[in-house]
Amino acid sequence: MDSILKKNDIPAIFIKGLNKSYNGIPALNGLNLEIENGEFFGLLGPNGAGKTTTINILSGLVLKDNGDTQIFGQDTVTQYRETRKKIGIAAQELPQDWFFTIEKLLYFQAGYYGIIKKIAEPIIEKLLKRLGLYQKRNARLRELSGGMKRRYQLAKALVHNPKIVILDEPTAGVDVEFRHDMWKLFQELHEEGKTILLTTHYIEEAEMLCKDVAIIDEGKIIARGKPEELTKKSGQSGITIQFTGWKESLKLNLKNFTFTIDENRLHFTVKDPEKSLPEIINILSQNGCHINNIKTEKISLEDVFLSLTGRGISEKLSS
Amino acid sequence: MWTLIKREVGRFFSVYRQTVLPGLITTTLYILIFGFTLEKRISEIHGIPYTLFILPGLMMMNTITNASSNSSSSILQMKLLQQLPDILTAPLSSFEISMAYIIGGTVRGFVNGVLVLILGVLLVGMPVSNLFLSICFLLIVSWSFSSMGLFLGQMADSWDELAMMQNFFLTPLSFLGGIFYSIQMLPEWAQTLSYINPIYYMINGIRYTILGVSDSPPLVSFVMALGMTGLFTFLAVMLMKSGKKIKS
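These protein sequence lines are chains R and Y, in that order. For the first sequence, the tail end lands on 318 under numbering that gives the first Met the number 0, and the numbers increase by one without skipping. For the second sequence, the tail end lands on 247 under numbering that gives the first Met the number 0, and the numbers increase by one without skipping.
None of these hints come from the bench; they were simulated from the model. Cβ atoms here follow ideal geometry from the backbone N, Cα and C, with glycine treated the same way. Take these hints with a grain of salt, some might be off.
Said to hold, decoys possible - Taking beta-carbon pairs under 7 Å as the criterion, some of the chain R residues facing chain Y (in silico):
1) L62
2) R83
3) W182
Here chain R stands alone, though its shape is the one from the complex (with noise of 0.2 Å):
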């Protein structure tokens, strides 16, 4: 019984003290993370706050300065055959290939593992009806839309059925319905008993899927907790106004406010609601802004990540 639970404890991932840095600038500042087995875990942060640096180290592709990182209490540098075996990652970047098709590419990726023709067959066969690509089994990656690459990315990743499924950014870039389809798909590949590592900007995308989220922000993590949790914790509400004639003047206008901009969407974390709400208006419409829609919602972690630093969760870290 204590073999048994004490094998349960150890992190399907596990970081401690990770440094790394690109030319003397810091990517990687002492992070900490300890993901369980059979989790799904979402990592999320803005462009350049560290989540595919962590993840690139996790999988091999990128050398840390120092730091611990296990995979199932296995080091991922000296024990790297086993590490790796353990890990499917889903790249953010979508490869090209100009020679085969991308059933054989499968196949490739199966003997990088060490599976053999025969048992890679009916693996292959079944992950490509699964994620829709069977009638495209014989076309070559360039031939594939955007949302097709996502999902052959993602049949890269499981081919060599590992227990740790890290997803980068997976539907970066693609429409609303597909992104739809592949959250149905992590959640089935979550109550498959897959430990998901899920990295993202979309906040929606976290809260819907994520038991268990971290905040990360220049190369730290801020903030862990369940989604629910955090948003309570913070005991704050949010506003999204869209509207139009933006000008920087109002920037001035609005220092008052924590407030993040995205195009003509602006959202404002406030402590409460009915006493800013009058007021941001006001500002607005004197500086000669047309309001098309005020929508006053719950916190949402967006606005805990508002919070936290000051800045939106889209916005880049030099801004």
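Given chain R, put chain Y in place with the hints provided.
Structure of chain Y alone, referenced to chain R:
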């Protein structure tokens, strides 16, 4: 690792019109244009008819170009097309990955060399004095230039850089290595310069195994080929291990 080798070999066979046929066509043209026209002016070198004399050199040039360009372009292409992560995140060691690329290039270099050899035998009845030695030498040279290609491909960041290495070093060194002439026909200073050109030893080595004549001592050619094999295999594997230019 076996899969990666199959991928590397499959890659160039799938585009054989780019990777296998051109060598044969170029060699046929060399034989027709250089061989048959110049044979009237240069009757014999070392007692060998001119067309026959140039054939082993053409074979070697074909081998060297194909072996080096296969591994170098393959790794660079994978780097630029975002395919390298698939291999680098797989449970493969740097040594295994390097070997797969080197073997892929070796097979292409070797196949191209052998095809020119067969072409020579069929077109002009080239005699092969020691087939076993020829095959061994072709294999060693294919390996050494394939590993050199892997090293250069890892170092390169663009096609431009790779083409520069090919056009400014490999091609001139091949032509100056004595494909079309015996270095004894050159002035003394040019002969001395030829001695520092490694390809000179490769061309004369293969010429020895086929025609039994050579400007350089055959043993020196073999030692040189083996030395280059060892050196470039070591450099390519160590570079892969360090992750420089392919891992950040």
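Hint check results:
no. : hint : in the structure
1   : L62  : 5 Å, holds
2   : R83  : 4 Å, holds
3   : W182 : 24 Å, violated
Going through the hint list in order, the structure does not satisfy hint 3, though it satisfies all others.
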